[in-house]
Structure formats: structure tokens, C-alpha cells
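K.L.:
According to this note's numbering, the sequence shown is numbered sequentially starting from 631.
A couple of the hints might just be wrong.
[As the list claims (entries may be wrong)] Cβ-Cβ distance ranges computed for the label pairs, FRET-style:
(1) S686 with L961: 21 to 27 Å
(2) T910 with R732: 49 to 55 Å
(3) K998 with E931: 21 to 27 Å
(4) E673 with E908: 17 to 23 Å
(5) E777 with E908: 40 to 46 Å
(6) S717 with D861: 37 to 43 Å
(7) K814 with T910: 44 to 50 Å
(8) S806 with D707: 41 to 47 Å
[What the hints assert, rightly or not] SDA-like, lysine to any residue: derived pairs with alpha carbons at most 20 Å apart:
(9) K932 with S999
(10) K974 with D984
(11) K913 with E868
(12) K680 with D726
(13) K741 with Y713
(14) K912 with D863
(15) K974 with D1021
(16) K743 with N833
(17) K848 with Y989
(18) K848 with I871
(19) K963 with R1033
(20) K1007 with I1018
(21) K971 with E943
(22) K741 with K807
(23) K1007 with Y989
(24) K831 with P780
(25) K848 with R981
(26) K763 with E868
(27) K899 with F873
(28) K860 with E931
(29) K763 with K870
(30) K807 with N888
(31) K963 with K932
(32) K1028 with K870
(33) K870 with T910
(34) K753 with T724
(35) K753 with E731
(36) K860 with K899
(37) K932 with R902
(38) K831 with D675
(39) K970 with I1020
(40) K743 with P780
Calculated directly from the structure, the hints in this document are not laboratory data. Glycine is no exception: its CB is placed at the ideal position from the N, C-alpha and C atoms.
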Amino acid sequence: MKFRSLASATMMVAVLAFGLLTGGTTSPAMAQRGDLVRIGEVEADLSNGKVSLDLSNSRGVFGELRIYNRGAPIMIDNVRVRYSDGSVHEERRTIDLRRGERTRPIDPDRKPKFVDEVIITYKTDSGSNRSAKLQVYGVQDRAGAREQRPSRPIAKPAPDKPAKPKPVVTAPEKPSKLPIKTTKAPAGGRCVGEGNLLIAKGNVGFGVDRDRIAVGGKFGKFDRIRLCVKDNDIELIELKINFVTGPSTTLGYAGLINAGTRTQPFGLKGDRFIDSLEMTYKKRENFSGRASVEVWGEIAEKWIDEEAELFNEGWVKLTTGDTVGFVGFELDKSPVRSHKKGFKQVRLVTRDRDITLDYFELFFADGKSQKIEAGRKRIEPGVGFGPIAIDGGPRIIKDVEARYRSRFFDKDAKGNERATVEIWGRR
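Could you build all of it, start to finish, from the sequences and the hints given here?
P.N.:
Below, the structure is given as C-alpha cells:
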């Protein structure tokens, strides 16, 4: 090989030397060759603002992560990734993630690790009933897939030292829990009557001994809550209430809740929004059945007459909870929490599935009523029906009667769930 000049020869030697020096070294990002493997997925309620995904049982180690969105658009503020070695990565940037889109690589410049948890915070959409369906993927090769999670480290005992005698302190006995009392729940329709809203619902499996039911949103504060159980009995050991702000509250009740019954009311202060409920119950070995749990709350008087107007653009949830069937129209009459200030507008919202709405009628405290015809119109989640002006408003609403049914053919429906219908009012 001939070089035109000494400078050219010198440059070629430098390039070759650099290649020799770097040829045996590969950055973590370059080393992450493999396939994008889905680790888990979670549904993010846009009215909540935060969702977490437990990945502590995922197999193998993963390189860079990505998040795909299969649902409603979401504006992500931060992605917190917690690894099994105790390290944490914070992806603090605004991510406008629309349906069908995915994020840029998250935490790419590292060696593959075991992922324990992904926590996503995002901009809330008050009053929204939409959800983003987020899927977490990670880059994984064959070797990474075969990696076994290390067992949790156990601290080595310290060398024996002469121990000073300690005074014997008797721990105070924990107060015994109050027994749960139940009554038979109605066979259909609302589980609880006047002044109560369906806060949340979930399915409980018995392969584990605890479950978390997410509530989220700022649609109400409650003086008391009750549980309604269907399909299978639950032997409750502990019920913990987590609030959006401030410390949690553990309710001092325990006992058997038979299927088809509702518990007595459990008292709260009615001054904070509920974030979630954590249930601890007796595990049932070799049992594959599930129990359906509904959480109902009695609206605080201060909320409906004073505080509610400051949230959800002034809309106040008046009734909710009737899960309607697919065959034939159902007539549901729901009592409204007593209130002192009247309403000028109403609207109807459906969740989980489309409904066919025939009509709904408002019954006022003065004995008069207003019927609102819908002509068997299809009502979709996220769209709703209304707002409708109340004749002669503002007026005190005593009851709401509605006639509707769930639509069987709905490709966007949430699983096999039937529709849940809500009536909202604005002053």
C-alpha cells in the first residue's frame, strides 16, 4: 500500500490503533442486542395521575425499556424504574404518548438488570372516564432470558457479644377487632340505597391472601363505606384505606362476608379523597374461584353542598352503581344524597361499555319531575349524554329514574363487564 504523504500514513496508523484499542470494548447500549419482550401491562385511569406495575415475578434480565400505549392519549411526567439490586432510574421528561405510539428507550446506558417495578406518573384529566392501556417492553436476549433472579439477601448474624440484660417490656395488646355484620344484598341493581355511590369494584382471587382495589379520581368524599360481596365468600382479616394525601387508615373490623351480602357501614371522617383499598383475607388453597367486591360510599354532606363545585369543572356525581344487563331494558330508580343547593344541569355517563338509553327522569323535592327522552340512543363511554338544562333550575333533585340496557356488541368494551351508569349534576 502506498501513501501520498507522511501525514496520510500517520493518520492511517492512528485509525488502526484506535480500532485495536476499542475493538474489545462495547458500551452497554451497544451490547443490548435482543428482542423487545413484553414484561407487563397496566391500565391507567386518566383521572388518577399515577399507576404502578409490579414486575418482581418477571423472568430474566432486561436492557433498555420502552412503553407502548394501546389506549387513550396520556401525558407522562415521569417513569420510575426500580431494579432488584436496589437501584432506581428516574425518567423525568414530558412524554406525549398517543394511541399506537411508543416511548424512546428508557435507561439504555446500563447493563441488563432484573426489573422489580415501574411507576408512571402523568397529567390527570379530572372527570375523565378514559384509560390508557400501557405495555412495558424490555430488550432481552436468550442469555438474559435464562438469568435467574437472586434470592433476597439475608443479613449475616453479628458475632456474639456479651449482651447486657434488658428490662422486660410487655408490649401492649392489640385491640381486638370488631366483628363484621352483614345483611342480605338486593338480588339486582344497587347494593346500597340513598346517598351512596359505587366507589370502586374488583375481583378477588384466593390464590393469594391480599388484593388492592384502586379508586383514584376526586369525585367524592365519604363519611362511611360498605362492602358488597358476590359469587364467593370472603373471610376478611384487615381492611386498609389509602388516601390521596396523608396517612392511611386501618379499619378495626374482621370476619366472614358471605356471597350475596353487604357489610355494616365502616366510619370515616369524610375529609379526604380515597386512593385505594387494601384487603387482607384468608387464602384458600386449590381454589380457583373469584369473588366480586363492590365498595360503596356514603357521600359527606359537606362535600355535596360545599366542596364538590371546586372539582371536576363543577360537576357533582349524584348517582351511580346500577350495573345493567344485556337483554331487555332495565328500569332503575336511584335516590340522591339530600342536599340544600339545587342544580341547573345534568348529564349521563356510562363506563366500561356502550348502553342504549331510552330515557331518564328527574324527580324534584317539590313533587314535580322532568322526563328527558333519548330515543333509544347509543351512549358511549367518554361521550355520555347531555348536558341537559333543568327546567326552572336550580332545583333540588330527590331521585333519578332511567331506562337503559348494555350493548352486547362493543369491540371497545372492558372485558365482559356490563355497563355502569352515572348521573352528574352542575349548579
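K.L.:
It remains to establish, for every hint, whether it holds in the given structure.
P.N.:
Going down the list of hints, with the structure as the test:
1. Roughly 47 Å separates the CB atoms of S686 and L961, a value that falls outside the hinted 21 to 27 Å.
2. The hint said 49 to 55 Å for the Cβ distance between T910 and R732, and at roughly 37 Å that hint is violated.
3. For K998 paired with E931, a C-beta distance near 24 Å keeps the hint of 21 to 27 Å intact.
4. One distance hint, 17 to 23 Å for the beta-carbon pair E673 and E908, holds here, with the actual separation near 19 Å.
5. Look at E777 against E908: about 32 Å separates their beta carbons, and that is not inside 40 to 46 Å.
6. Distance hint check: the CB atoms of S717 and D861 are about 42 Å apart, consistent with the given range 37 to 43 Å.
7. Between K814 and T910 the beta carbon distance is about 25 Å. The supplied range of 44 to 50 Å is therefore violated.
8. For S806 paired with D707, a C-beta distance near 44 Å keeps the hint of 41 to 47 Å intact.
9. The hinted pair formed by K932 and S999 fails the criterion: a straight-line CA distance of about 26 Å is larger than 20 Å.
10. Straight-line distance between C-alpha atoms of K974 and D984 comes to about 26 Å, which puts the hinted pair past the 20 Å bound.
11. Taken as a hint, the K913 and E868 pair is honoured in the structure, with Cα atoms around 13 Å apart against an allowance of 20 Å.
12. The hinted pair formed by K680 and D726 meets the criterion: a straight-line CA distance of about 15 Å does not exceed 20 Å.
13. Taken as a hint, the K741 and Y713 pair is honoured in the structure, with Cα atoms around 12 Å apart against an allowance of 20 Å.
14. Only pairs whose Cα atoms come within 20 Å are accepted, and K912 paired with D863 is accepted, the gap being roughly 10 Å.
15. For the given pair, K974 sits about 8 Å from D1021 by alpha-carbon distance, which is consistent with the 20 Å threshold.
16. Of the supplied pair hints, the one linking K743 and N833 is violated, its CA atoms being roughly 32 Å apart against a limit of 20 Å.
17. With a C-alpha separation of about 28 Å, the suggested pair K848 and Y989 falls outside the 20 Å cut-off, and the hint is violated.
18. Between K848 and I871 the alpha-carbon distance is near 15 Å, which keeps this suggested pair within the 20 Å criterion.
19. Only pairs whose Cα atoms come within 20 Å are accepted, and K963 paired with R1033 is accepted, the gap being roughly 9 Å.
20. Proposed proximity of K1007 and I1018 is supported: the alpha carbons are some 15 Å apart, at most 20 Å.
21. A distance of roughly 17 Å separates the Cα atoms of K971 and E943; the hinted pair therefore holds under the 20 Å criterion.
22. Of the pairs offered as hints, the one joining K741 and K807 is violated, with about 49 Å between alpha carbons and a cut-off of 20 Å exceeded.
23. With a C-alpha separation of about 9 Å, the suggested pair K1007 and Y989 falls inside the 20 Å cut-off, and the hint holds.
24. For the hint linking K831 to P780, the alpha-carbon distance of about 36 Å lies beyond 20 Å, and the restraint is violated.
25. Note on K848 and R981: the hinted pairing holds, with a Cα-Cα distance of about 16 Å set against a maximum of 20 Å.
26. Restraint check: the Cα-Cα separation between K763 and E868 comes to about 31 Å, which exceeds 20 Å; the hinted pair is violated.
27. The hinted pair formed by K899 and F873 meets the criterion: a straight-line CA distance of about 12 Å does not exceed 20 Å.
28. The suggested pairing of K860 with E931 is violated, with an alpha-carbon distance near 29 Å, which exceeds 20 Å.
29. Distance hint between K763 and K870 is unfulfilled; the C-alpha atoms sit about 27 Å from each other, more than 20 Å.
30. Restraint check for K807 and N888: satisfied, since their Cα atoms lie roughly 18 Å apart, inside the 20 Å limit.
31. Between K963 and K932 the CA atoms are separated by roughly 24 Å; this puts the pair beyond 20 Å, and the hint is violated.
32. Note on K1028 and K870: the hinted pairing is violated, with a Cα-Cα distance of about 33 Å set against a maximum of 20 Å.
33. Under the criterion of a C-alpha separation no larger than 20 Å, the hint pairing K870 with T910 is consistent with the structure, at around 8 Å.
34. For the suggested pair K753 and T724, the alpha carbons sit about 10 Å apart, so the restraint of at most 20 Å is met.
35. With a C-alpha separation of about 17 Å, the suggested pair K753 and E731 falls inside the 20 Å cut-off, and the hint holds.
36. Distance hint between K860 and K899 is unfulfilled; the C-alpha atoms sit about 27 Å from each other, more than 20 Å.
37. A hinted pair counts as satisfied when its Cα atoms are at most 20 Å apart, and K932 with R902 qualifies at roughly 12 Å.
38. Note on K831 and D675: the hinted pairing holds, with a Cα-Cα distance of about 14 Å set against a maximum of 20 Å.
39. For the hint linking K970 to I1020, the alpha-carbon distance of about 16 Å falls within 20 Å, and the restraint holds.
40. With a CA separation close to 11 Å, the supplied pair K743 and P780 stays within the 20 Å bound.
Violation of the numbered hints given earlier is confined to hints 1, 2, 5, 7, 9, 10, 16, 17, 22, 24, 26, 28, 29, 31, 32, 36; the remaining hints are satisfied by the structure.
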